[in-house]
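Engineer: Keeping the supplied structure of chain A fixed, place chain B upon it in accordance with the hints.
Residues per chain, in single letters:
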Amino acid sequence: MNEMLSNPVVSLLVGLLLAEGTEIAPWMARRVLHTAARRLGSPEATTRYEEEWLALLEERPGKLLKLILAINILLFATPRLRRSYRAKGQAISKKRKLGPVFQADALLQRIREDHAFLLDPDLGSWEVLRIRRERSKHDILALVSMSMFFVASNAYFLAAHDFIHLVPWAFWAVSVAAGMTGAMSILILMLGFRTRTYTILIQHTSGPRIDVTRVSLYKYTWPYLLKMAFT
Amino acid sequence: MRTPFRITSTTLDVLEAFLASSEELHGFAVAKAVSKPTGSVYPILSRFEEAGWLSSRWEDENPQEGRPRRRFYELTPNGTEEAKRIVIERRGGLPSAKPADQRPQTRPSLGFMVRWGMAR
Chain A
1 MNEMLSNPVV
11 SLLVGLLLAE
21 GTEIAPWMAR
31 RVLHTAARRL
41 GSPEATTRYE
51 EEWLALLEER
61 PGKLLKLILA
71 INILLFATPR
81 LRRSYRAKGQ
91 AISKKRKLGP
101 VFQADALLQR
111 IREDHAFLLD
121 PDLGSWEVLR
131 IRRERSKHDI
141 LALVSMSMFF
151 VASNAYFLAA
161 HDFIHLVPWA
171 FWAVSVAAGM
181 TGAMSILILM
191 LGFRTRTYTI
201 LIQHTSGPRI
211 DVTRVSLYKY
221 TWPYLLKMAF
231 T
Chain B
1 MRTPFRITST
11 TLDVLEAFLA
21 SSEELHGFAV
31 AKAVSKPTGS
41 VYPILSRFEE
51 AGWLSSRWED
61 ENPQEGRPRR
71 RFYELTPNGT
81 EEAKRIVIER
91 RGGLPSAKPA
101 DQRPQTRPSL
111 GFMVRWGMAR
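As you go down the protein sequences, you meet chains A and B in turn.
Numbering (this note's numbering) for the first sequence: 1 to 231.
Numbering (this note's numbering) for the second sequence: 1 to 120.
Each hint should be verified, as a subset may be incorrect.
[Claimed, not checked] Straight-line Cα separation of at most 25 Å, SDA-like style, residue types lysine to any residue; simulated pairs:
#1 B:32 x A:61
#2 B:36 x A:207
#3 B:36 x A:30
#4 B:32 x A:32
#5 B:32 x A:62
#6 B:36 x A:38
Hints were generated in silico from the structure; no laboratory data involved.
With the rest of the complex left out, here is chain B:
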């Protein structure tokens, strides 16, 4: 089946992140979930949005004073179907859905040093 864009491994990771999440994600959360730089994630989000697979909206609940609004992304019904089809086709199965409180935790930036310290 043809897709409107090329499916790379990062594209699949992003699709899996959305399928595994039970709520909307913003760009930084997506980058964290797929462990890729934010700069690689945004062009993919833009392509998904252009293809009608993702919908996005500005943050509106409890925005802090003076803080820029975040933009949240969510799979559309069509996007969910396509994402499931592609992920099953390429990865052989769907990712397990994570509840909101078990979303990827922020890792320490110098995590390798922490692990190295624990190993000693």
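Excised from the complex, chain A in its bound form:
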């Protein structure tokens, strides 16, 4: 190694590389900060933090230290800020998808399709005053099947760890019951989610109020979400 470095050509090349690397470090730092800001996932945040972080480079003395600062921001600030901005976006979209209060426009659209002969088709002239989830037989079924799953799975656990003694056929029956009630609970919950209905109280700008029952939303979920995504 020492022999190689003592070669004048190699020394010259290493010197050139070091000098050039130091010279391009500020440019690389700016590129790294640009990437760091772009990875935040929010256009407003990107614009703001890119300018803010570029101003930091002016404060930081030294060329290589500027690059270290930029890499530090890319590695430590960007992921946390990105998580924070992503969480905000997801919170809104989750509420829009799952929370009936935030689905007022989708519910109105559904009423308009079912009761167009009755209502003013201009959705802007209707205001949603109250949304209430209706009880259904699926709620009771889900409760019963989850209770059975709880009992069967606990019995299986106790027998499997020798806390209670079961004859082989009973142990087999308990394990089958635990599996079946677990699967049934998931199916019933999914079915209940898909067939969920609401009672929705709407008011027209001219005064009249209507309480509409059995408004279903979720069979319209995908078209509604696609429409939201592309508009």
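Structural biologist: Chain B only, in chain A's frame:
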């Protein structure tokens, strides 16, 4: 008392830096004051801002030609109250306020070598 985010030792350092400063601070000044990497400070500033404890504004007085604007942060009245409460609760007292000309000085990047040289 609950806070909108987890209070870590760096969070407390940042709060103390704002309480001790008599003027607005930009991100690099905060990082210098708490002696932590800039990358650790920005997520904390963002959380404070989101909670309404900090307000921020772009630099507007005498910006140099072609230089990106700095963003200055300042505790809001609500943020000042919360910061004082938390710092007293966790650290037992408030930091002494530093006048503008006694803010943390920039240390040499290889300060340990300077100290080592002086010790010899």
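Engineer: Do the alpha carbons of residue 32 of chain B and residue 62 of chain A lie within 25 Å of each other, as the hint requires?
Structural biologist: holds (16 Å)
Engineer: Given the hint that residue 36 of chain B pairs with residue 207 of chain A, does the C-alpha gap stay at or below 25 Å?
Structural biologist: Roughly 61 Å separates the two Cα atoms, so the pair is violated.
Engineer: Does residue 36 of chain B pair with residue 38 of chain A here, judged by a C-alpha cut-off of 25 Å?
Structural biologist: holds (24 Å)
Engineer: Keeping to a limit of 25 Å between CA atoms, is the pair of residue 32 of chain B and residue 61 of chain A held or broken?
Structural biologist: holds (13 Å)
Engineer: Holds or violated: are the alpha carbons of residue 36 of chain B and residue 30 of chain A at most 25 Å from each other?
Structural biologist: holds (21 Å)
Engineer: Residue 32 of chain B and residue 32 of chain A: Cα distance at most 25 Å?
Structural biologist: OK: residue 32 of chain B and residue 32 of chain A at ~21 Å, within 25 Å.
Of the numbered hints listed earlier, the single one contradicted by the structure is hint 2.
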